[in-house]
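Number of protein chains: 2
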Amino acid sequence: MQINAVEILGLVAACFTTFGFLPQMRKTWRTKDVTSLSLPMYSVICTGTALWLIYGLLINSTAVILANIVAFAFTFSLVILILKYRK
Amino acid sequence: MQINAVEILGLVAACFTTFGFLPQMRKTWRTKDVTSLSLPMYSVICTGTALWLIYGLLINSTAVILANIVAFAFTFSLVILILKYRK
Chain A
1 MQINAVEILG LVAACFTTFG FLPQMRKTWR TKDVTSLSLP MYSVICTGTA
51 LWLIYGLLIN STAVILANIV AFAFTFSLVI LILKYRK
Chain B
88 MQINAVEILG LVAACFTTFG FLPQMRKTWR TKDVTSLSLP MYSVICTGTA
138 LWLIYGLLIN STAVILANIV AFAFTFSLVI LILKYRK
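Protein chains in written order, with the working numbering: chain A, 1 to 87; chain B, 88 to 174.
Be a bit skeptical, because a hint or two may be false.
[Said to hold, decoys possible] With a straight-line Cα cutoff of 27 Å, these simulated DSSO-like cross-link-like pairs (lysine-lysine) come out: (1) Lys174(B) with Lys119(B); (2) Lys171(B) with Lys114(B); (3) Lys174(B) with Lys84(A); (4) Lys27(A) with Lys174(B); (5) Lys84(A) with Lys27(A); (6) Lys87(A) with Lys119(B); (7) Lys174(B) with Lys87(A).
Honestly, the hints are just simulated from the structure, not real lab data. For clarity, every value in this text was computed on a predicted model and none was experimentally measured.
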């Protein structure tokens with residue numbers, strides 16, 4: 001992988017779309033309120049990050065693997081929190 | 088771009104992590120309930136998709152451009168809905 005300005009932009013973009021789930025996880029963890037969260041959304045996104053992870057392993061891309069391990073952990077946690085706290 | 092089984096897996100993964108936001112948008116649009124949604128999450132993810140879009144334009148990747156136009160539209164709409172309906 002080339003490390004130039006364009007690839008750095010891609011890595012910054014990956015950090016945003018990966019760690020962006022963190023504030024939602026913190027909020028849900030603290031408030032235990034999941035009424036307005038969509039279970040289908042988190043199920044589909046979580047499945048998507050698992051597929052990205054398999055893709056990353058197949059093409060041997062460390063960036064794709066690492067980003068999607070983190071994103072999978074966040075979105076899977078949110079699926080669990082929604083299942084636990086929904087009424 | 089090679090179209091083989093691995094790249095098809097990547098495209099399927101991209102569809103999941105892009106259109107996954109659709110059920111959340113529909114739910115929020117219908118219920119107007121945003122109490123448990125995290126504005127920081129959608130702001131960061133939306134910024135991230137905009138950065139991915141610029142990255143896609145710079146590396147001239149149709150897949151990255153299209154996926155992130157859709158993801159940006161969904162996440163930007165959610166930011167607007169949260170700002171509109173939060174108390």
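Is Lys174(B) close enough to Lys119(B), meaning Cα to Cα at most 27 Å? 11 Å, holds
When you check the alpha-carbon spacing of Lys87(A) and Lys119(B), does it fall within 27 Å? Holds: Lys87(A) and Lys119(B) sit about 18 Å apart, inside 27 Å.
Straight-line alpha-carbon gap Lys27(A) to Lys174(B), limit 27 Å: 16 Å, holds
Please verify whether Lys174(B) and Lys84(A) have alpha carbons no more than 27 Å apart. This hinted pair holds, its Cα atoms lying about 26 Å apart.
Compare the distance between the alpha carbons of Lys84(A) and Lys27(A) with 27 Å, and conclude whether the hinted pair is satisfied. 15 Å, holds
Given the hint that Lys171(B) pairs with Lys114(B), does the C-alpha gap stay at or below 27 Å? The hint holds at about 15 Å.
Compare the distance between the alpha carbons of Lys174(B) and Lys87(A) with 27 Å, and conclude whether the hinted pair is satisfied. This hinted pair holds, its Cα atoms lying about 22 Å apart.
Of the hints listed earlier, there is not a single one the structure fails to meet.
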